[in-house]
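Visitor: Take these sequences, add in the hints, and give me the full structure.
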Amino acid sequence: MTTSLPRPGRVRPRRLRSTTAMRRLTAETRLHPAELVLPLFVREGLTEARPIASMPGVLQHTRDSLKGAVSDAAAAGLGGVMLFAIPEVRDAVGSQATAPDGILNLAIADAVAEAGDALVVQADLCLDEFTDHGHCGVLTPAGAVDNDATLVRYAEMALAQAAAGAHLVGLSGMMDGQVGVVRDALDDAGHDQVAVLAYAAKYASAFYGPFRDAVESQLEGDRRTYQMDPANRREAAREVAIDIAEGADVVMVKPAMSYLDVLADVAAVSTVPVSAYQVSGEYAMIEAAAAHGWIERERAILESVLSIRRAGADHVLTYFATELAAWLAEEKS
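If you're matching positions, the sequence shown starts at 1024 in this note's numbering and goes up one per residue.
Check before you lean on any hint, since a few could be wrong.
[Unchecked claim] Derived lysine to any residue pairs resembling SDA-like cross-links, with alpha carbons at most 20 angstroms apart:
(1) K1355 / L1048
(2) K1355 / G1139
(3) K1355 / L1329
(4) K1090 / A1136
(5) K1355 / H1055
(6) K1355 / R1047
(7) K1090 / A1138
(8) K1355 / A1314
(9) K1355 / T1042
(10) K1090 / G1100
(11) K1355 / R1053
(12) K1090 / G1139
To be clear, the hints were calculated from the coordinates, so they are not data collected in a lab. Please read all numbers here as calculations on a predicted model, not as lab measurements.
Guide: Structural data, given as structure tokens:
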């Protein structure tokens, strides 16, 4: 007696996975260098670039080595660079953030001169790297972050960055009203062409640890009174709506990989481009696992960034940006 197998149905999704060419043809999401933004650190007082131990392959740059990294980013076809700076002197109000000769403002001018129109030169607009207490704003006598006093400093910082040539300012402090205050300050000073990126849904995350090493953060305690609670999803929609209403040109979800649900929610409703930041801890986990041989590094990097794009990010801030762009160019050729 012969037992016959049931006749296969006509629907066979595997047909569209059968070859490299077929998978390429039917891919729903693609990566392109222009969608990638490279975060860069520049430190005042260095004579040569310094490795960051918790972020293998990432450096604290000198002004000269920063120019080289910006040039490489432009040659790779990246969409932009995001600049962070570490000053030698810090104080309670982050005075160096607004000094014309402060390290961040000098770095902005250097990057703009190096990149020309090839990159969007973006600058972190926050006080945490510049304060001696490590918080993102000015403190009250009791030690709490004073929202409205901080907004005054943000407006001043925005004007300093615009004067240095920044194309886009990234408001990462999560102060209420920050977008409206900065937008008004820029417009009133004639900098109406400078774009505002709002870190609209920035969570109080454990994945920022290596970044704090990178900027030599002075923070004691945490930022849970102003950054979002990781338990909250709907609240992100409220934050995004407020920032868009106040004039944000781009909104961000940060971190990216642990908040893909939030990113998808934001992308579904946002009327402006959506950015997402693959943060330092997400980067460090991939590098550490790859160094132990536990994952395939290149595939893990590609898959991680692809997942952020698939969830809805129009562009991705990632420390892998220049390297990833080179791989994409090789694949295309």
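Visitor: Hint by hint, note whether the structure agrees.
Guide: For each hint, the structure was consulted:
Between K1355 and L1048 the CA atoms are separated by roughly 13 angstroms; this keeps the pair inside 20 angstroms, and the hint holds. The straight-line distance between the Cα atoms of K1355 and G1139 is roughly 26 angstroms, outside the 20 angstroms bound, and the hint therefore fails. A C-alpha spacing of about 16 angstroms is found between K1355 and L1329, which places the hinted pair at or below 20 angstroms, so the restraint holds. Restraint check for K1090 and A1136: the C-alpha separation of about 9 angstroms stays at or below 20 angstroms, so the hint holds.
Restraint check: the Cα-Cα separation between K1355 and H1055 comes to about 10 angstroms, which is no more than 20 angstroms; the hinted pair holds. With a CA separation close to 11 angstroms, the supplied pair K1355 and R1047 stays within the 20 angstroms bound. Restraint check for K1090 and A1138: the C-alpha separation of about 9 angstroms stays at or below 20 angstroms, so the hint holds. Of the pairs offered as hints, the one joining K1355 and A1314 is violated, with about 27 angstroms between alpha carbons and a cut-off of 20 angstroms exceeded.
Restraint check for K1355 and T1042: the C-alpha separation of about 16 angstroms stays at or below 20 angstroms, so the hint holds. Between the alpha carbons of K1090 and G1100 the distance comes to roughly 16 angstroms, so the proposed pair stays at or under 20 angstroms and holds. For the hint linking K1355 to R1053, the alpha-carbon distance of about 12 angstroms falls within 20 angstroms, and the restraint holds. A distance of roughly 12 angstroms separates the Cα atoms of K1090 and G1139; the hinted pair therefore holds under the 20 angstroms criterion.
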